[in-house]
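Sequences listed follow chains C and Z, in order. Heads up, the first sequence is in the numbering used here, so the first residue is 676 and it goes up one at a time. Heads up, the second sequence is in the numbering used here, so the first residue is 676 and it goes up one at a time.
Hints were generated in silico from the structure; no laboratory data involved. One should not assume that every hint holds.
Derived lysine to aspartate or glutamate pairs resembling EDC-like cross-links, with alpha carbons at most 20 angstroms apart [what the hints assert, rightly or not]:
1) K973/Z <-> E1034/Z
2) K726/C <-> D945/C
3) K924/C <-> D783/Z
4) K808/Z <-> D945/C
5) K1002/Z <-> E703/Z
6) K808/C <-> D783/Z
The following residues of chain C were derived to be distant from chain Z, with all beta-carbon distances above 12 angstroms [as the list claims (entries may be wrong)]:
7) A688
8) I759
9) D820
10) T885
11) A978
12) D985
13) G987
14) R991
15) A994
16) A998
17) G1033
18) I1043
Glycine is no exception: its CB is placed at the ideal position from the N, C-alpha and C atoms.
Number of protein chains: 2
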Amino acid sequence: MTSTRPRYSRLVAALPAVVPFVPPEALERQIGAELRLRIGANESNFGPSPKAVAAMTAAAARVNWYCDPEGHVLREAIAARHGIRRDNVVLGAGIDDLLGLVVRTVIDPGDAVVMSHGAYPTFAFHVNGFGGKLVTVPYRDDRNDPEALAAAAQRSGARLLYLSNPDNPTGSWLRAAAQTALLAALPEGCLLVLDEAYADFAPADAVPETAAEDPRLIRMRTFSKAHGMAGARIGYAIAPAEMVRSFDKIRHHFGVNRVAQEGALASLGDAEFIASVRREVEAGKRHYERLAAALGLKALPSATNFVAIDCGRAERAKAILAALLEKERVFIRMPGVAPLNRCIRVSVGTEAERRLFGEALERVLADIPA
Amino acid sequence: MTSTRPRYSRLVAALPAVVPFVPPEALERQIGAELRLRIGANESNFGPSPKAVAAMTAAAARVNWYCDPEGHVLREAIAARHGIRRDNVVLGAGIDDLLGLVVRTVIDPGDAVVMSHGAYPTFAFHVNGFGGKLVTVPYRDDRNDPEALAAAAQRSGARLLYLSNPDNPTGSWLRAAAQTALLAALPEGCLLVLDEAYADFAPADAVPETAAEDPRLIRMRTFSKAHGMAGARIGYAIAPAEMVRSFDKIRHHFGVNRVAQEGALASLGDAEFIASVRREVEAGKRHYERLAAALGLKALPSATNFVAIDCGRAERAKAILAALLEKERVFIRMPGVAPLNRCIRVSVGTEAERRLFGEALERVLADIPA
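Build out the structure end to end from the sequences listed, making use of the hints.
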C-alpha cells in the first residue's frame, strides 16, 4: 500500500467512468461554435415566470444568508397546493437530488431495483452508485409496461420500482387506474418511485393526487420544466412523513439554495404563467406533429414538453442527430437504447425556434436515406 | 415483512435522527418573532459583491437552462487563480456537498476517520451517514492538535483526516510548516481533507498553495464566507485529477446551480470587494475584542470572520446564548462540546450590528453570574 495514488471505496472503485448526459455547453466546445437552437434537454424556452425572476433577483441581494434548511414556507405552500401536510414534503436540489436520496435511503448493495430499459439515465446512475442491482424491462409499444415492471419487481424482490409518468423519453403516460393497479401488484416492501417531472403538461387523470401516507409510494415534482427553473435546482417529493424524517438523517440540509426557494415560491403563485406555458407547449406539440408528418416522419403522442419523432431506424436517427449538431448547430437528444433509439427527441421551443428546427430538419433529411 | 411502513437501508436505519444545525429561521418560529441580529452562522453581513448580484440577476432570467454540469468556465477561472489545471478543480454545492462527496468516494463502512472533537458537525454527519467510524482528538489550548491528529490516524489506520484551517469554531489557524509536517505524518493511504472555508480571512502563510497532484491532500474553498454567497450554494475543491474524475462517477452533475456559477465567476473577478470585506472583518474582530474585554470576557485570536468569546464556564455560555435569543432576539451559536463550550461564537457583522450586539450582551450579562 503506497500513498502515490488516492484510494477509493469499494463501491466507487468498481464504478465505470460514465456520466449520464453530455451537456449542450460541451457540444459547443466540441463543435467550436455556439448552438443556434437548444431544444434537447427538455428545458422550457418559455423561461421562468416574471414573478419568479423578481423573487430570485430580490433573493440574489440577500444571498449572503443561508437558506432555511427546513424549507418551511415553501413546503407549506406545496402542501397547501396538494392538500397534504408539510411533513409529507421534502425539498431537493431537483429531482436528480431526490432520486439519489431515495436510492441511498432504501438500497443496500445488491438490492434489486426495477426500471424500464432506456428510462432516465440519472436514476440508473444513482442505483449503480449505491450498489443496487438494476433489473430492466423493455418498453412495449413505446410505453412503459406496468404489468411487466410489476412482474420483474416480484421476481427480483425489488426494493424500488422507478416509473417516469409522463414518461421520458417516449412522452407516453399511464392513467390513474393503471397506477393503482401497479401499486397493488408491487411485492411487499417495494417502493414505487413516481417521477412526475412532466406532470404540469399531463392530463389530470395521469397525475392524480394520492394518499401522502401510502407507504408504497413516493412522488417527485420539479420546477425545472413548466416552471422554467432548471438552472435553479429545485424540486420536491411527496412521501410518508416517516420517510421524510428519514431523509433528514442524510440529506444536504442547506442544499436547496435560497434563490431557488424564493423563486419556486413565487412561481407556485403564478398559475396564469404556468397555464400560458402549457398552452404554448400544446401548440408546439401540434406544430411538431405537422412538421414530422410533412417530412414523412411520425411524432409519438406526448403528455410532456417534448416529442419523440420516429425516424424508422436507429442509424437514421443517429445520423439526423449528428447532422443537426454539426451542420445546423441544433442541439436535440435521442433515446440511448433499442427499440426507442429509432427516435429523436425534441423539446418544444418557441414558435420561431420550432420553425428553425423544421427548416434544419428538412435540410439534413435531404442527405440522409430513409 | 409487510408494506405498512417503508423499509430503509441498513446504514440509514441505524442512523440517529439528528440534524447538524438548528437554523435561525427555526429559532424565529420557536420564539414567534423576527430576530434582531443574525450573527450566528458565520454568514457575511457585508453581502455579496455588486458584480455578483448583477451576474446572478442576469442568470435568473436564463434560469430555464440547466447549468453547465462541467462548470467549464468557472473551473478555468478558479484554476487560473490558483495556478493549477482545470482538471484539478471540482465544483460542489458548497463545502457541505464536497465533504459528502469525498467521504462517499473514499470511505467503506467501518473505515476510520479522524477529526478534532467538536469540529464541523456536518463533516461528522457525512462520516456517520456513510458508515465511517469517527475517531476524535481533543482540541489543545483551543487549537487543533496536529501531532495528536496524525497519531490518531496512525493508530486507527484512518482513510481520512479532517482539518478546518482556519478553524471553526475556535478561529485558530495552522501555518504552512505545521501543515507540511501533518502531511508527512499521515499513515499510508490517508487523505487530508483541508477545509479552507475561511481562507479569505487568513494570513497568507496559513493557506499556502500546494501541489494539486499531491495524492495525500484535498483542499476545499467556498463562496459562502468572504464572497457573501452562502445562500447560493457553491464551493470547490482542489484535488488530484484522478480523484476529480472519480467524483464524476457519483456526483450530482447538474447540482451546482446556474445562478451560483455565474455569481461566483463575477465575484472571483471582484478582488476589490473581497479586500474590502476582509478589512471590515478585521476591524470587526478588533471591535469584538474590545467589547469582550470591556465586559470582562476574552476573545480568542481568530483568522476567520467570527470570534469565539471565552465566557469561563459552559453553563454561563449556554445561559448567555439562551438569553441573547429569548430576551434580545439575537442569534449567535456556541461550540457543542467541552472544553470549547465555555465559549460563545459570534460572526462579524456590520459596525451597527456589532454595537447592537455589545449592548445586548451587556444587558444579558447583568443577570448572569460569572
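Structure-based check of each hint:
1. For a cut-off of 20 angstroms, the pair hint linking K973/Z to E1034/Z stands: about 17 angstroms separates their Cα positions.
2. Only pairs whose Cα atoms come within 20 angstroms are accepted, and K726/C paired with D945/C is accepted, the gap being roughly 7 angstroms.
3. The suggested pairing of K924/C with D783/Z holds, with an alpha-carbon distance near 18 angstroms, which does not exceed 20 angstroms.
4. Of the pairs offered as hints, the one joining K808/Z and D945/C is violated, with about 48 angstroms between alpha carbons and a cut-off of 20 angstroms exceeded.
5. Using a Cα cut-off of 20 angstroms, the hinted pair K1002/Z and E703/Z holds, with the two alpha carbons roughly 13 angstroms apart.
6. In summary, the hint linking K808/C to D783/Z is supported, as the alpha carbons are separated by about 18 angstroms, within the 20 angstroms threshold.
7. In this structure A688/C is not separated from chain Z by more than 12 angstroms, as the shortest Cβ-Cβ distance comes to only about 8 angstroms.
8. With a least beta-carbon separation of about 16 angstroms from chain Z, I759/C lies farther than 12 angstroms from that chain, consistent with its non-interface assignment.
9. Here D820/C stays apart from chain Z, with its beta-carbon at least about 22 angstroms from theirs, past the 12 angstroms limit.
10. Listed as a non-interface residue, T885/C keeps its Cβ farther than 12 angstroms from every Cβ of chain Z; the least gap is roughly 15 angstroms.
11. No beta-carbon of chain Z comes within 12 angstroms of the beta-carbon of A978/C; the shortest separation is about 20 angstroms.
12. With a closest Cβ-Cβ approach of about 26 angstroms to chain Z, D985/C is found to remain outside the 12 angstroms limit, as its non-interface label requires.
13. The beta carbon of G987/C sits about 30 angstroms from the closest Cβ of chain Z, which is more than 12 angstroms, so the claim that it is off the interface holds.
14. For R991/C, the non-interface assignment is confirmed: its Cβ lies about 28 angstroms from the closest Cβ of chain Z, beyond the 12 angstroms cut-off.
15. Under the 12 angstroms C-beta cut-off, the non-interface status given to A994/C relative to chain Z holds; the minimum distance is some 26 angstroms.
16. Every CB of chain Z is more than 12 angstroms from the CB of A998/C (nearest about 24 angstroms), matching its label as outside the interface.
17. For G1033/C, the requirement that its beta carbon stay farther than 12 angstroms from each beta carbon of chain Z is met, with the minimum near 22 angstroms.
18. For I1043/C, the condition that its CB be more than 12 angstroms from all CB atoms of chain Z holds, with the nearest at approximately 29 angstroms.
Checked against the numbered hints given earlier, this structure breaks hints 4, 7; the rest are met.
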